Amino acid sequence: MICVGAATFAAAAPTLRAGPPAVDGQPSPQPEDKLFMTAAIAQRDRWFGFAMTLPGLFALVLVVLFPILFTLWTSTSDFTLLKPSNDAFVGLSHYTQAFATPEFRHALSVTLAFVVAVVILEFLVGFAVALALDKVEHGKAVYYLILLFPLLMNPIVVGLIWKMFLHPTLGIVNYVLSLVGIPPVDWLGVPDNAFWTVVAVDIWHQVSFMIVLLLAGLASLPKEPYEAARLEGAGTIRCFFWITLPLMRPVIVVTLLIRLIFAVKTYDIIYIMTRGGPGQATELVSYYIYRRAFVGLDVSQASAMAVILLLAVLALTAWLHRYMRSLAQ
Amino acid sequence: MKKFLLASSMLIASAFGAEAQTINILMESVPDTRYVQEMLPEFKEKTGIDVQLEVVNYAEMHTKLVPQLVAPEGSYDVVIVDFYWVGEFTKAGWLQPLDERIKADNFPVDNYIPSIMELTGRVDGTTLMLPFYNYAMGLTYRKDLLEDLKHQEAFKAKYGRELKVPTEWPEYLDQVKYFSEDAGIEGFKGVVNQGQRPDPISMEWSNYLFANGGRYYDPETWQPTLATPEGIAALTQYRDNIQKYGPIGAANFSFDDAFNVAAQGKAYSYLTFNMFRPVYDDPASSQVVGKMEIAPVPGGGLNGSWGWAIPKSSPDPDAAWEFIKFIESPEIAKKRALLGGAATQKQIYEDPELIEKYSYYPQLGELLAYAQNFPVFTYTPAFVDVLGRELSLAVTDGKDPKEALEQVDKEFAELLRKDGKLQ
Chain A
1 MICVGAATFA AAAPTLRAGP PAVDGQPSPQ PEDKLFMTAA IAQRDRWFGF AMTLPGLFAL
61 VLVVLFPILF TLWTSTSDFT LLKPSNDAFV GLSHYTQAFA TPEFRHALSV TLAFVVAVVI
121 LEFLVGFAVA LALDKVEHGK AVYYLILLFP LLMNPIVVGL IWKMFLHPTL GIVNYVLSLV
181 GIPPVDWLGV PDNAFWTVVA VDIWHQVSFM IVLLLAGLAS LPKEPYEAAR LEGAGTIRCF
241 FWITLPLMRP VIVVTLLIRL IFAVKTYDII YIMTRGGPGQ ATELVSYYIY RRAFVGLDVS
301 QASAMAVILL LAVLALTAWL HRYMRSLAQ
Chain B
1001 MKKFLLASSM LIASAFGAEA QTINILMESV PDTRYVQEML PEFKEKTGID VQLEVVNYAE
1061 MHTKLVPQLV APEGSYDVVI VDFYWVGEFT KAGWLQPLDE RIKADNFPVD NYIPSIMELT
1121 GRVDGTTLML PFYNYAMGLT YRKDLLEDLK HQEAFKAKYG RELKVPTEWP EYLDQVKYFS
1181 EDAGIEGFKG VVNQGQRPDP ISMEWSNYLF ANGGRYYDPE TWQPTLATPE GIAALTQYRD
1241 NIQKYGPIGA ANFSFDDAFN VAAQGKAYSY LTFNMFRPVY DDPASSQVVG KMEIAPVPGG
1301 GLNGSWGWAI PKSSPDPDAA WEFIKFIESP EIAKKRALLG GAATQKQIYE DPELIEKYSY
1361 YPQLGELLAY AQNFPVFTYT PAFVDVLGRE LSLAVTDGKD PKEALEQVDK EFAELLRKDG
1421 KLQ
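Chains A and B, in that order, are what the protein sequence lines are. For the first sequence, the residue numbers in this note's numbering are 1 to 329. For the second sequence, the residue numbers in this note's numbering are 1001 to 1423.
Mixed in with the good hints there might be a few duds.
Stated by the list, open to error - With a cut-off of at most 25 Å between alpha-carbon atoms, the simulated BS3-like pairs for lysine-lysine come out as follows:
| id | chain 1 | residue 1 | chain 2 | residue 2 |
| --- | --- | --- | --- | --- |
| 1 | B | K1266 | B | K1143 |
| 2 | A | K83 | B | K1421 |
| 3 | B | K1291 | B | K1164 |
| 4 | B | K1064 | A | K265 |
| 5 | B | K1064 | A | K83 |
| 6 | B | K1143 | B | K1164 |
| 7 | B | K1312 | B | K1091 |
| 8 | A | K83 | B | K1091 |
| 9 | A | K83 | B | K1312 |
| 10 | B | K1418 | A | K83 |
Claimed, not checked - Some chain B residues judged to face chain A by a derived CB distance under 7 Å, without partners named:
| id | residue |
| --- | --- |
| 11 | V1109 |
| 12 | Q1196 |
| 13 | I1248 |
| 14 | N1252 |
| 15 | K1266 |
| 16 | A1382 |
| 17 | T1396 |
To be verified - With beta-carbon atoms standing in for the labels, derived distance ranges:
| id | chain 1 | residue 1 | chain 2 | residue 2 | range |
| --- | --- | --- | --- | --- | --- |
| 18 | B | P1067 | A | I258 | 45 to 51 Å |
| 19 | A | F241 | B | Q1243 | 46 to 52 Å |
| 20 | B | P1278 | A | F99 | 26 to 32 Å |
| 21 | B | P1278 | A | A132 | 50 to 56 Å |
| 22 | A | F262 | B | E1171 | 48 to 54 Å |
| 23 | B | K1064 | A | F99 | 56 to 62 Å |
| 24 | A | S178 | B | D1110 | 52 to 58 Å |
Just so you know, the hints here were simulated from the structure itself, not pulled from any lab data. For clarity, every value in this text was computed on a predicted model and none was experimentally measured. Yeah, the Cβ is synthetic: ideal placement off N, Cα and C, and Gly gets one too.
For reference, chain A alone in the conformation it holds in the complex (with noise of 0.2 Å):
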């Protein structure tokens, strides 16, 4: 934005200074004439303006639009590794098959509630953490840095540590727990067990997102109002639910939508800890999709699956957007 804003002025001012003077006895501008240069300023401005932007258009066009119309281009022709060739028209015919296939809409489902697991709790914990934190006047930069530790880490390597810590038999968990004289725990071997093993491993990596998105939100709130508050005789709770939420409700519809996003295409640690088991416990549509695509060879197939997982992200996200909005009103 800076660099535009300065090569518009930087255009603009030879402009100005080619404007008719008042010198030599020539007649001063007349205000039509003044607002004619100001339009083709203007002009001139915003054709400027637009072919500065035009190769970082270029470069979107090219890494986000054209993969996108290709996967939609590919989801209606008949695309498989064997034959990588577009040529076969097959209309919507992999959509309809889509919804036809029971391990899709089970993988739908799955991911739906992964989703809402992972995204309500981690709002819980984080929000939680947050405002813990936002209280505490010394030491922030450690508390930061170690809630950040796990955020930083690769999805693969915290879920191998994991599935080490984990493991019923040699993991250190089971072990810990033993010494308390709690029996094993089965974590990833009976479904139920695993589907919230793998949400709790979630929590434990992405949870620092809503923390350090959230206290920035708290740590940009006027301290007025709590001032004005308090001389009411307003307590805390009375404080958190008529100033603090609704001030940060911009900030909290922000990390939801953001983590809702990247909760939908969790692939890693699915691929890690269970591969979709047991049974299909942990089948989240990502992963189900990259199989699809790779194992089965059906790259038409997976996209038309792909294309509805976005279709169902951008109707989940407008219509977050949309109720947070109405919430805030």
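Knowing the structure of chain A, use the given hints to seat chain B on it.
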């Protein structure tokens, strides 16, 4: 002087020519790749050809290979092919036939173990690969416990048979039960399984299927035959071994999770890839050094292997063949085996020098001779995915074994029809 100049320039040109000849191979980061690497200076000395190995994890291999195989000229001169991919690669026509080269050089293809040559060698009568290394499965067990008189007596008293290396499947199942319930060793189990979907569970359960006399399909018609009494018995036994006689968590164990349990001395047996056998004797990763041994799975275990191939997109197929011919020559195959390589040629398992070094080589030779193959067709990986899902549902989610296997048969048949194998 002119002659001298001409000779010098030719010498320089040939030197540059030789230096420029380099072949590229994509390989998996496994011990056998390391043994190949150690042979490269000898190959360079013999032929003057440089070999560049690009070593990656298994998960990356397929994704890296396919774009190169599809291209008119790829960057790999030689590729290695897992038996999983044989159907796909041959259907797509990505590999060059090797028969003429084999004939021209009189290469001893009969040295290979027939079942391995069938798996990663010949496809429909054409030789498209030469076997590289095997990963057939065997029964690894605690020989110290089998030799223990106390256990021998207790086992005989309870089950009415000798406690010895099992040669019959029911005998092995009894041993599993004994070491889980009757041996009186705290925290010890009769078996550890690798129940994670899709590959670990599918590969391991195949042994149970073969041991029960079952098979994946009718070899004449390709009609799936899993939902049969043999298949159902195999799945019921597998489920019981995981749920009743195995350690908790086995339903989601991958190869390394299960191996670690066995290597830490927490289980009597583990059906696994034979290449794990020497690792039991490595004090850095095992608590049971000298206590584990390998035997053929009663009924014949599952076969597995990789093969060398020259892709049609190979930039230098002649140099590629020179390399394959060298690395698979009996002399170099023996050198690789001496380093610890999982050989695919028969004579290696009868070599006195190797038997002296690896006492279990005769058992390995027997194991390979009776190993049975997994279905190889274009959609083998997709089939493994289906099989793994249904087996895991039967083991962990209460799905009836018969119902699970009927579902596998149904989806297996669809994949076979898609491939044109089943009418």
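Status of the hints after comparison with the structure:
no. : hint                         : result
1   : B:K1266 x B:K1143            : 14 Å, holds
2   : A:K83 x B:K1421              : 18 Å, holds
3   : B:K1291 x B:K1164            : 15 Å, holds
4   : B:K1064 x A:K265             : 23 Å, holds
5   : B:K1064 x A:K83              : 17 Å, holds
6   : B:K1143 x B:K1164            : 9 Å, holds
7   : B:K1312 x B:K1091            : 13 Å, holds
8   : A:K83 x B:K1091              : 10 Å, holds
9   : A:K83 x B:K1312              : 16 Å, holds
10  : B:K1418 x A:K83              : 14 Å, holds
11  : V1109                        : 28 Å, violated
12  : Q1196                        : 6 Å, holds
13  : I1248                        : 4 Å, holds
14  : N1252                        : 4 Å, holds
15  : K1266                        : 6 Å, holds
16  : A1382                        : 4 Å, holds
17  : T1396                        : 4 Å, holds
18  : B:P1067 x A:I258: 45 to 51 Å : 33 Å, violated
19  : A:F241 x B:Q1243: 46 to 52 Å : 50 Å, holds
20  : B:P1278 x A:F99: 26 to 32 Å  : 50 Å, violated
21  : B:P1278 x A:A132: 50 to 56 Å : 53 Å, holds
22  : A:F262 x B:E1171: 48 to 54 Å : 53 Å, holds
23  : B:K1064 x A:F99: 56 to 62 Å  : 33 Å, violated
24  : A:S178 x B:D1110: 52 to 58 Å : 57 Å, holds
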